[in-house]
Amino acid sequence: MTLLLHQLRYDQKVFWRNPAAVFFTIMLPVVLLLILATIAGDKRIGKDGVEVTTYYVPAIITLSIVAATMQTLAMSLVIAREDGRLKRGRGTPMPAWVFIAGRIGNSIVVAILMLAFVSALGRVFYGVPVPWSRAPDLLIVLTAGAASFCCMGIALTALIPSQDAAAPIVNGLLLPLYFLSGVFVPDDELPSGVIDFANHFPIRPFFQAIYDAYLPGNGPALAWDHLSVVAIWGVAGLVLAIRFFRWAPRRG
Amino acid sequence: MRGIDLEVRRGEVFAFLGPNGAGKTTTVEILEGYRDRDGGEVTVLGEDPRRGARAWRERIGIVLQSCRLDPYLTVAESLSLFAGYYSRPRPVEEVIDAVGLEGKADTRTGKLSGGQQRRLDVGMALVGDPELLFLDEPTTGFDPKARRQAWEAIAALRDLGKTVFLTTHYMDEAQRLADRVAIIAGGEVVARGTPEDLGDRDAQPSRISYRRGGEEVSLETTTPARTLNELTAEALARGEELENLEVRRPSLEDVYLELTEPDAAEPQEAGPE
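Read top to bottom, the protein sequences are chains A and B. The opening residue of the first sequence carries number 1 in my numbering; numbering runs sequentially from there. The opening residue of the second sequence carries number 1 in my numbering; numbering runs sequentially from there.
Don't read these hints as lab results, they were simulated from the structure. On a predicted model such as this, the values are computed, not experimentally measured, just so you know. All C-beta atoms in this analysis are idealised placements derived from N, C-alpha and C, irrespective of residue type, glycine included. The reader is advised that the hints may include incorrect statements.
[As the list claims (entries may be wrong)] No more than 25 Å apart at the CA atoms, straight line, and that leaves these computed lysine-lysine pairs for DSS-like:
id, chain 1, residue 1, chain 2, residue 2
1, A, 13, B, 104
2, A, 13, B, 111
3, B, 145, B, 104
4, B, 111, B, 145
[Said to hold, decoys possible] Just some of the chain B residues that point at chain A, by a computed CB distance under 7 Å:
id, residue
5, 58
6, 66
7, 67
8, 68
9, 81
Working from the sequences, and respecting the hints, build out all of it.
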């Protein structure tokens, strides 16, 4: 446990000092929230009588959590693998699980910070109330989703052959899913066929679970049906990660 | 690999010398526990590396052939990170001095030169205070000054009583650092011994060469003192000088090239791997 905290402390240092990681996981979601809400304009009413600016707060929280977990892990693990750092770490007495747990812990810390940060921005700029009464439900959804997306991110590294391929592969998977899942475009503007399609992938159900937990008046705060789809993807990722994850560089 | 038989003694610097692609890294990765062998018996510090548990890993230090350290950590942080993995680490400041990075403790790893990064890499292998160190081509790609500094750091390890297993394709590196050397070529050990007597170097004839009347003269002798005495006596009697006079024993490089490329007429430069 001491060892895990030791590892997590250094993973945090490395994360906050890496300008690319900070930009893509912290700054970019904020910029997207401001841009999307500005384009949507004030007081436009979407489905369920919810303002579109309000809609974008849980949408960008969803994006932030996926960026902090799946995207950050896939990118940073491939870079560390190809630099030889994963192999180097394996040659020390540190158990492998500590290394992986440290990275997952790092992602969850960032995800929780982003939940707080985007919620605060939503409150200040768009008057979206912070759902304090639903905070426990939100944290359950976040934790289950973050763990699942971490497993998917680790599994994804097996498909990424080099550092150069990491960004195109990760973004090539995530960006279309954000669009199809109603993260960038409000879902009442999307054809129902698109939503049906996106329901099979993990981002749409995770977005719905976050949405239900965040905005009152949408039925129960805990959307177990959506969350279980995310969890199935997470377990699949875990199985693939255990089977295919590599510590040694692909090159040479 | 076609059967390697090696024994490394405690407290010595052992150099595993061979051209690129000879199987050096494969061998060292088997010893480090990264790779499975097809057959045979391997014991490192009394244990099979493949089953080496945490207690075994505490006792070895590894420097890989190529590893880019985390550019966002400083020298001291990189060492502290690794120190935390071991139960009885050495003080970080002491390790910084041991690898000659004084004054760089708070420099980010990404801002170090290639040679400095490599020495930090050695420091990260040392910080757990291991008994045995594996260094896989520690100075490949270094400029002469950085090599000299790395050599000093490695020589200091021997003085600390560490056992060092070093792979290299530089003859001068083996000659300078190693107590014993094994030469590997085509997956086999083709020679072993101390740098002095490797390949019966001490029993081989010396070569004397000089210029006389604009012509190169070269002869081989097993009694260089006597032959030289006769030659100089003759020259003095004739009142001549022996221009460009040189006496040479076969260098480790000669032996190495002969052993690793027996069929090649021209010695080849070892290129980057």
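Any of the earlier hints contradicted here, and which numbers?
Violated hints: none at all, because every hint is consistent with the structure.
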